[in-house]
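*Asks:* Taking the hints into account, I'd like the entire structure generated from these sequences.
First to last, the sequence lines map onto chains A and B.
Mapping to our numbering: the first sequence position 424 is 424, numbers consecutive.
Mapping to our numbering: the second sequence position 244 is 244, numbers consecutive.
Note that these hints are calculated values from the structure, not bench results.
Every clue listed holds true.
Okay, the calculated beta carbon distance ranges per label pair:
1. B:L71 / A:D397: 33 to 41 Å
2. B:L71 / A:N393: 32 to 40 Å
3. B:L71 / A:G221: 31 to 39 Å
4. B:R282 / A:I426: 49 to 57 Å
5. A:L388 / B:T224: 16 to 24 Å
6. A:G221 / B:R43: 35 to 43 Å
7. B:R282 / A:L307: 53 to 61 Å
8. A:A299 / B:T224: 37 to 45 Å
We put the beta carbon where it would ideally sit given N, CA and C, even for glycine.
In case you want the letters, here they are:
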Amino acid sequence: MSFTSFSFIIFLLSVLAVYWLIKKREWQNFILLIASYIYYGWVSPRLSVMLGISTLLDFFLARGMQSKPTRTRLFMAMSLILNLGVLIFFKYYNFFSDDLAGIVSRLGMDGDPFLIRILLPAGLSFYTLKKLSYMIDVSRGTLKPTHTLMDFALYVSFFPQIVAGPIERPQKLLPQIESQRTWQPDYFYNAWPLIVMGLFKKIVIADNIKVIADQVFAVNGPSIFLLAMGALAFTLQILADFSGYTDMSRGFAMLFGFQTSENFNLPYASLTPTDFWNRWHITLSTWLRDYVFFPVGRALKKSRVKLPNWLVLSIPPIATMFVSGLWHGAGWNYVLWGLYYGVLISVYQLIGIRGDWKPKSFIALGLGWFIMFFFIVFGWAMFRAPTLAWLGNVLTDSPFIRSRSDLIVGLITLSMVLVYSAPLFIKLALDKFSTKDGWLIPAYYALVTVFIIIFINSSSPDFIYLQF
Amino acid sequence: MRPFLRYLLLLAVILAITWIKIPQRYAMAFPRTLGPEFNRKVRDLYINELNAGLAEIVLLGDSTLKDGVDLEMLSMLTGEKVLMIGVPGSASALWYLILKNNIVVAEHQPQTVVVLFRDTILTAPGYRVQGGYFVQLDEFAGKNEPLLLERSYLNLMNPLEKWSEQYFPVFGARGHIRKEIDGMMRYTLPGWLKCDQVCTDDSMYNVFTSADLEPGQLQNAVATVESYLYTSSQLNFDRQVNKSYLPEMIRLTKEHGIQLVLVRLKQQTFGRSNSDTAETRRYIDKLSEYLDEQGVLFLDYGNDPRLINEGYKDPLHLNEMGQTIFTEILADGLNKTLK
Chain A
1 MSFTSFSFII FLLSVLAVYW LIKKREWQNF ILLIASYIYY GWVSPRLSVM
51 LGISTLLDFF LARGMQSKPT RTRLFMAMSL ILNLGVLIFF KYYNFFSDDL
101 AGIVSRLGMD GDPFLIRILL PAGLSFYTLK KLSYMIDVSR GTLKPTHTLM
151 DFALYVSFFP QIVAGPIERP QKLLPQIESQ RTWQPDYFYN AWPLIVMGLF
201 KKIVIADNIK VIADQVFAVN GPSIFLLAMG ALAFTLQILA DFSGYTDMSR
251 GFAMLFGFQT SENFNLPYAS LTPTDFWNRW HITLSTWLRD YVFFPVGRAL
301 KKSRVKLPNW LVLSIPPIAT MFVSGLWHGA GWNYVLWGLY YGVLISVYQL
351 IGIRGDWKPK SFIALGLGWF IMFFFIVFGW AMFRAPTLAW LGNVLTDSPF
401 IRSRSDLIVG LITLSMVLVY SAPLFIKLAL DKFSTKDGWL IPAYYALVTV
451 FIIIFINSSS PDFIYLQF
Chain B
1 MRPFLRYLLL LAVILAITWI KIPQRYAMAF PRTLGPEFNR KVRDLYINEL
51 NAGLAEIVLL GDSTLKDGVD LEMLSMLTGE KVLMIGVPGS ASALWYLILK
101 NNIVVAEHQP QTVVVLFRDT ILTAPGYRVQ GGYFVQLDEF AGKNEPLLLE
151 RSYLNLMNPL EKWSEQYFPV FGARGHIRKE IDGMMRYTLP GWLKCDQVCT
201 DDSMYNVFTS ADLEPGQLQN AVATVESYLY TSSQLNFDRQ VNKSYLPEMI
251 RLTKEHGIQL VLVRLKQQTF GRSNSDTAET RRYIDKLSEY LDEQGVLFLD
301 YGNDPRLINE GYKDPLHLNE MGQTIFTEIL ADGLNKTLK
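*Replies:* Structure (structure tokens):
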């Protein structure tokens, strides 16, 4: 059930009505939990069963860590095997074999290939990280496990977040689940701009720019100019798609009285790769920083083997971004994309440009931004390319421009990128320069709403991040 | 609260303006009739071909039929004159229209109509009916096509969509508005390079349509589009059959004394193994039962081991080798069932 579908509107309004009619927190949580499982199991109830079983196991393993602290390592290992095992099995099996459908079919799950390839991984990567952060924090003693199964289950399955994040940490969401919530008009007044903007980014920008980006990346051996324009289109598409989804998710959570995390902070304004990852998919970046980057860094510092300083500086970002690449998808281009950022971060660090680098000179600032933006767009080309061989062939064999047709199509792509990105620039300018109490921002939202109505489709393509 | 009230007020003003301007600009009257409008003219291409060629067997299907059957070879093997109507990008809505507005109204009517289909396509009336596919449908649709309107359009709209389409100009005219915006984006920059609309459209065709497509991407694109046919609702035969054109196609052929034969094709979509999923199997069993009750012949080659992977040029279409194999299989099947 997509956030932009009619069935979701009905679903959301019904859940909201029942939720706020009930005053008791436990019952509100119960309603949300049921709604979350219905939402997640909408296409196949088996997905909800799998979620329920893994949630139950983690809940008791965390309780076990508290009641039997001497066995914490064992319980943590079991949780890691459970969570990563399921993730690897469903998400990465195709990486090594192309017959997952057959295997699952033999497990009695009908093996619908569509379900396995597209839908089963939906949300799995996100809720696995949520559960893992809970388990790791409990095992480290930095988080007390909750004693209420329902609260934990709701933390894992909270429907505005289950399919594509944000990857909320237990320290932020669990206390909200555990506290009393009564309806306040501010919930709505804070939620509507997020929902409108989210719908606009998804329906108007992402779904439309996707068409041309998909076409460019489907051509066998496009020219370098066309590839560059296609990569620019994808750069816009993935931002609008993912940040639009996050906006909607945050807006819906807010309607239920929950404050959830921001995931984007002008990522394409970054000056360095570290800066980019501090602004792009922030909840994933902080997850990776806390559970991969820091532990690897600490392990290297404690290591008896003396490594050269450049290696000590380079290994943690490369390892972290390698994990990030793998998390994004089962394919060599995702792995390479992750390693690419790992190497970029290391190189920037080694040449003395830290994450918070901000030169005073306007020229250096502009140049720094341009170089980083080039790296970002090239990274997305790698990410979106059908195969690495395809990208390699284009970069080595294709001419810059193949023909006049090629130039024209490149220009059309550029024109679409400019038109569809313009509203985002206007929004940026309004947020920066107009007063919050004025008429300009409401006028912007009113216009944006009209465009949503114009561009809404009954069959909206799926959200890109669903496949992660 | 204030920003929200201002937003509502401004939205109301903009919508009020569109209420006046849109009907004027696009010459549309509101409330408008639901669904697309078809032009009066019906293309009689196959009526003429039937009358001229006197074919006794008509094959109806999409591009998979065109690539899958060698017409001469089939005619030779069956000993009958065969007419092939393989329209790329077609599906059940167009097959129904061709049957209704061309085949059964021809002076010379064939003895047999063979419809070649994939899995649930026959009971998916909303498949391939929008955008460019609509143009194709419009060619074979008359001015008044209530069944087409109901099954391929109105049944697929939710109540909110129906209401908005009828009474809400911004929504009702969204096709026109989007076309204008698209035209502006598509033609402005090339126009600066003295490339007019024809030149721009040709460029798009040269780069995207006639160019080689990356095989993996093509397979993904096919899988994405075809996944509509494998949703739980489309796989529910009992739910879909009476919403589809199948009962009407059966009625039309019976009424005109034509034997209807349905042939299920094998495909390689999703790189899956040679067997159906449990849901697809259930669907096909129900379809088979239904066709049996209706006296329609059904040839199921969906899992035929003779159609090997090497016989396919992409997930759906057969190559030359596959075409030869399949034509023999089909001829054999038709000879056995029809004689």
